[in-house]
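There are 2 protein chains.
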Amino acid sequence: MNASFALKGNVCHTPAPGRLEIRERGIVVCEDGVCRGVFDAVPERFAHLEVVDCGDRLILPGLVDLHTHAPQYAFCGTGMDYELMDWLYKVAFPEEIRYADAAYAEKAYGIFAQKLKEGATTRAVIFGTMHADATLTLMDLMEQCGVASLVGKVNMDRYAPAELTEPGAEQAAADTRRFIESCLKRGYVRTGPIVTPRFVPSCTDALMEKLGEIRREYDLPVQSHLSENPDEVAFVGELAPEAAFYGDAYDRFGLFGGDSRTVMAHCVYSTPEEVQRMLDNGVWVAHCPSSNMNIASGIAPARRYLEKGLHMGLGTDVSGGSSISMFRAVTDAIQVSKMYWRYIDRDAKPLTFPEALYLATKGGGSFFGSIGSFEDGFVFDAIVLDDAAEPSPRPLSAADRLERAFYRELDRTGITMKFVDGIKVI
Amino acid sequence: MNASFALKGNVCHTPAPGRLEIRERGIVVCEDGVCRGVFDAVPERFAHLEVVDCGDRLILPGLVDLHTHAPQYAFCGTGMDYELMDWLYKVAFPEEIRYADAAYAEKAYGIFAQKLKEGATTRAVIFGTMHADATLTLMDLMEQCGVASLVGKVNMDRYAPAELTEPGAEQAAADTRRFIESCLKRGYVRTGPIVTPRFVPSCTDALMEKLGEIRREYDLPVQSHLSENPDEVAFVGELAPEAAFYGDAYDRFGLFGGDSRTVMAHCVYSTPEEVQRMLDNGVWVAHCPSSNMNIASGIAPARRYLEKGLHMGLGTDVSGGSSISMFRAVTDAIQVSKMYWRYIDRDAKPLTFPEALYLATKGGGSFFGSIGSFEDGFVFDAIVLDDAAEPSPRPLSAADRLERAFYRELDRTGITMKFVDGIKVI
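Taken in order, these protein sequences are the chains called A and B.
Residues in the first sequence are numbered consecutively from 9, following this note's numbering.
Residues in the second sequence are numbered consecutively from 9, following this note's numbering.
In short, the hints are calculated from the structure, not lab data.
A couple of the hints might just be wrong.
Since the list gives no way to pick out one identical chain from another, each pair is judged satisfied if it fits inside one copy or across any two copies.
[Said to hold, decoys possible] Pairs of lysine to aspartate or glutamate, EDC-like flavour, derived with a Cα cap of 20 Å:
no., residue 1, residue 2
1, K432, E151
2, K125, D148
3, K123, D394
4, K98, D408
5, K16, D61
Here chain A stands alone, though its shape is the one from the complex (with noise of 0.2 Å):
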């Protein structure tokens, strides 16, 4: 049922890191849902296909968030003066005990929906709450919203308000197993689960064990934090005195890449082993930047992720981060870089803004498969992007119009159309 049709405008994306390709007034294919690649002129093989002529407009592919938080969005941008443990308590879970509330979810969870449908981002990677009840009411809005998701019901089962913890390894299984079935009942064809272990904190060993067999069960893929902040790192060490380094308190139960597809948030602290065992298994790095300066977490050193060769992609982690948009986290994520390379590592070049829109496309799209370039055989996760609110006194090229509008987050108003798995959403 996907579209076949072809795009006329500017047609931007990075197939690499830093290698950004712009045909101005160019053609980019979309046959079945399957991107075939772009061009000067629309190729004789696809004559028939109707062009959409979208005048000046920039055409990129979609943005996929790699860690966000649904029930947060509630309080976005406030309770910012805090760092993470007091975050948490003070602000975060004060919030997510409302979901318990199925009304207080529908209508959260509209508005969360809505606003990731109106921006940049075509797919995201998302944690609920423990609630069961209410994250299938998100990922129902996600299906209805168009953007593709990977959902997690949050486990948790201890070092949280009691209303938040999950009553034993055994019933929290029960709960997350139920939580599996009823999604793949409901015929999702965008929407997905996806294993959700809060962090190392907030789950026992018994708890994690359980999740490990049901990931094995399902075949699912994996999300939790990692490395985030000294505090918590330090925690994890008490907790957890048999693991090796933060990321093998995960992978000792099969939850940190392998044959799960894992993605961890944050890795601001990983140690050199923690990064070699990511290397090793595969797992993605979901860089967050703006929760990071907003938690005062620190930042994560993405310029050596990127030369190791680490998957990586952005997350916008809201609401430690405070904005949901993709295109902030794109620029959020060279500033950092920036400020990184000032203070902390003098040899790990700042980020570019090619670098970083590889990230916000291709890298964190590597996730969930062929995602993020309009390379031949990708999937068409794709944005419209109008700038013409935005005046210049004199003419700009293309590159310099994409990064302006990333920088002036043209995402909150200039989309104006938008695709996913070929199918238009906007």
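Got chain A; can you put chain B on it based on the hints?
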């Protein structure tokens, strides 16, 4: 000719650093352009005034942009992959050369003035270019748009492209006098000239001496750049070996506070001696976090400056800064202060939202006089902000709504009324 009226709504202001006062459904009174304070209800003596009901909207003092470059708005958000000196020569100077063309200047400055008018900024301290005529055009447009400003014709007679290099100190001084005389003749009510040596590397001693004379003669304020980047600071050390520190190279010519009201942008690398001189001379710091990130300069120790009691406000520094939004400047200041705390000085507590809001209002406003607060006797600069386009699943406090408005940059589209000196601009 100033209006007298009262506004009713959620009145927010920060009369002291970190002291956020909010009167929900309160009244703020403007009498002949002067604020008469915040009240629960209209006081008897103001009973004759019209009360403008702003409903549930937020009412706050207008924001003061202490440092921005009008000609650079044309490329704002492009060319961000450079460091200071490269950026100047490859991005900034080539644009500034265009302002020799009157038609270009009018077009570009028209866009700038319109943007400023629509946003939260009520007062700004602005760099033009070295072109007197273009800078006068900018001032005409600023006067028309209603935002109050101090605008400088830039002086530079070395280390710049030929087209931007003034032909010797005598000629530069003559042009600058002509510029100032023209300003005075035009009878602006909210726009004034400010003496503007670009920065020490761009100005010979002979030019500095002339500018010091002109400043005294016309009793004008001064703006420039200070201790922005390590390479620049080292270069100034070579250029002005007789100066005890960077700022002393201005002070020797009477361009660093004392009799002259002076604002210096950046102050990222100010030495203790420089900071002490700024304190002694009453120099204002324009803290420009966005620019300091984008050009990879570093992070100014804003917490330390606050503690020492330095005059300080925030600047967007368009277009080293990539956003003209003062809301963004507020949250940028908070975010970089967290990185400063994390990586540079663990005793320098991050800025809180109320502290950063103070800097953006009363802190910077003090450069203009009694500006940036709703205290009795302050000039009535105010904005009314509608955040209804950001739905929430539950009622938010006015304090949360205010913080959220800044993090979500609702100044882009949410300013529904704006007053400068009691005059309605929007």
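Evaluated hints:
no. : hint         : result
1   : K432 to E151 : within (13 Å within a copy, 46 Å between copies)
2   : K125 to D148 : within (14 Å within a copy, 42 Å between copies)
3   : K123 to D394 : both (18 Å within a copy, 18 Å between copies)
4   : K98 to D408  : between (42 Å within a copy, 14 Å between copies)
5   : K16 to D61   : within (5 Å within a copy, 49 Å between copies)
Of the numbered hints listed earlier, not one is contradicted by the structure.
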